Amino acid sequence: MPKVTFLPENRTLEFESGKLPYADHGKKESLLDIALNFGVDLEHACGGSCACTTCHVIVKEGDKNLSEAEDDELDRLDMAAGLTLRSRLGCQAVVKGDVKVEIPAWNRNYISEGGKSTL
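Here our numbering is used: position 70 in the sequence shown is 70, and no number is missing along the way.
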């Protein structure tokens, strides 16, 4: 069963592929989908439709265990604050094995899903 660790909370979540309820936020079994299923706060102002960058995460380990980034995601990531070579959008990165990702401070404190600044 794949494990996803979200930093800085250091929460490790284990799930059985194909068994998570899907709430139509991002791609099925994406980092965002998993976070929402387990109560991890990962912002997603656009509802997970790859139209913003609030679910931007930085992959610390296991990048090969995520789906390959598609052109729409790469184009959107160009607008993300603090972009790195290991940046992904949580709504688009589908988990296929163990990964560790960091939710950057600017995303944790930047904007809430309702559009209200949390700064």
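If you are wondering where the hints come from, they were derived from the structure by calculation, not from laboratory data. It is possible that part of the hints are untrue.
[What the hints assert, rightly or not] Here are the computed lysine to aspartate or glutamate pairs in the EDC-like style, where the Cα-Cα straight-line distance is at most 16 Å: (1) K96 - E9; (2) K60 - E16; (3) K3 - E102; (4) K100 - E70; (5) K3 - E16; (6) K96 - D72; (7) K3 - E61; (8) K28 - D75; (9) K3 - D71; (10) K96 - E14; (11) K28 - E16; (12) K96 - E68; (13) K3 - E14; (14) K96 - D71; (15) K60 - D98; (16) K96 - D41; (17) K100 - E14; (18) K64 - E9; (19) K100 - E61; (20) K3 - D63; (21) K100 - E9.
[Said to hold, decoys possible] Label-pair ranges, simulated between beta-carbon atoms: (22) A105 - G39: 12 to 22 Å; (23) G18 - G82: 25 to 35 Å; (24) E70 - Y22: 25 to 35 Å; (25) E61 - F38: 28 to 38 Å; (26) A81 - M1: 25 to 35 Å; (27) A81 - G18: 29 to 39 Å; (28) K19 - T84: 15 to 25 Å; (29) W106 - K19: 24 to 34 Å; (30) D63 - E9: 29 to 39 Å; (31) K64 - T12: 14 to 24 Å; (32) A51 - T84: 28 to 38 Å; (33) E16 - D78: 28 to 38 Å; (34) G18 - W106: 16 to 26 Å; (35) G39 - S17: 28 to 38 Å.
Every value quoted in this text rests on a predicted model; they were computed, and no experiment measured them. Built from N, CA and C at the ideal position, the CB exists for glycine as well.
Here is how each hint holds up against the structure:
no. : hint                   : in the structure
1   : K96 - E9               : violated, 22 Å
2   : K60 - E16              : violated, 22 Å
3   : K3 - E102              : holds, 14 Å
4   : K100 - E70             : violated, 20 Å
5   : K3 - E16               : holds, 9 Å
6   : K96 - D72              : violated, 20 Å
7   : K3 - E61               : holds, 11 Å
8   : K28 - D75              : violated, 21 Å
9   : K3 - D71               : violated, 26 Å
10  : K96 - E14              : holds, 12 Å
11  : K28 - E16              : holds, 13 Å
12  : K96 - E68              : holds, 11 Å
13  : K3 - E14               : holds, 4 Å
14  : K96 - D71              : violated, 20 Å
15  : K60 - D98              : holds, 11 Å
16  : K96 - D41              : violated, 21 Å
17  : K100 - E14             : holds, 12 Å
18  : K64 - E9               : violated, 22 Å
19  : K100 - E61             : holds, 5 Å
20  : K3 - D63               : holds, 13 Å
21  : K100 - E9              : holds, 11 Å
22  : A105 - G39: 12 to 22 Å : holds, 20 Å
23  : G18 - G82: 25 to 35 Å  : holds, 33 Å
24  : E70 - Y22: 25 to 35 Å  : violated, 19 Å
25  : E61 - F38: 28 to 38 Å  : violated, 18 Å
26  : A81 - M1: 25 to 35 Å   : holds, 33 Å
27  : A81 - G18: 29 to 39 Å  : holds, 34 Å
28  : K19 - T84: 15 to 25 Å  : violated, 32 Å
29  : W106 - K19: 24 to 34 Å : holds, 33 Å
30  : D63 - E9: 29 to 39 Å   : violated, 20 Å
31  : K64 - T12: 14 to 24 Å  : holds, 18 Å
32  : A51 - T84: 28 to 38 Å  : violated, 21 Å
33  : E16 - D78: 28 to 38 Å  : holds, 35 Å
34  : G18 - W106: 16 to 26 Å : violated, 34 Å
35  : G39 - S17: 28 to 38 Å  : violated, 20 Å
Violated hints for the displayed structure, listed by number in ascending order: 1, 2, 4, 6, 8, 9, 14, 16, 18, 24, 25, 28, 30, 32, 34 and 35.
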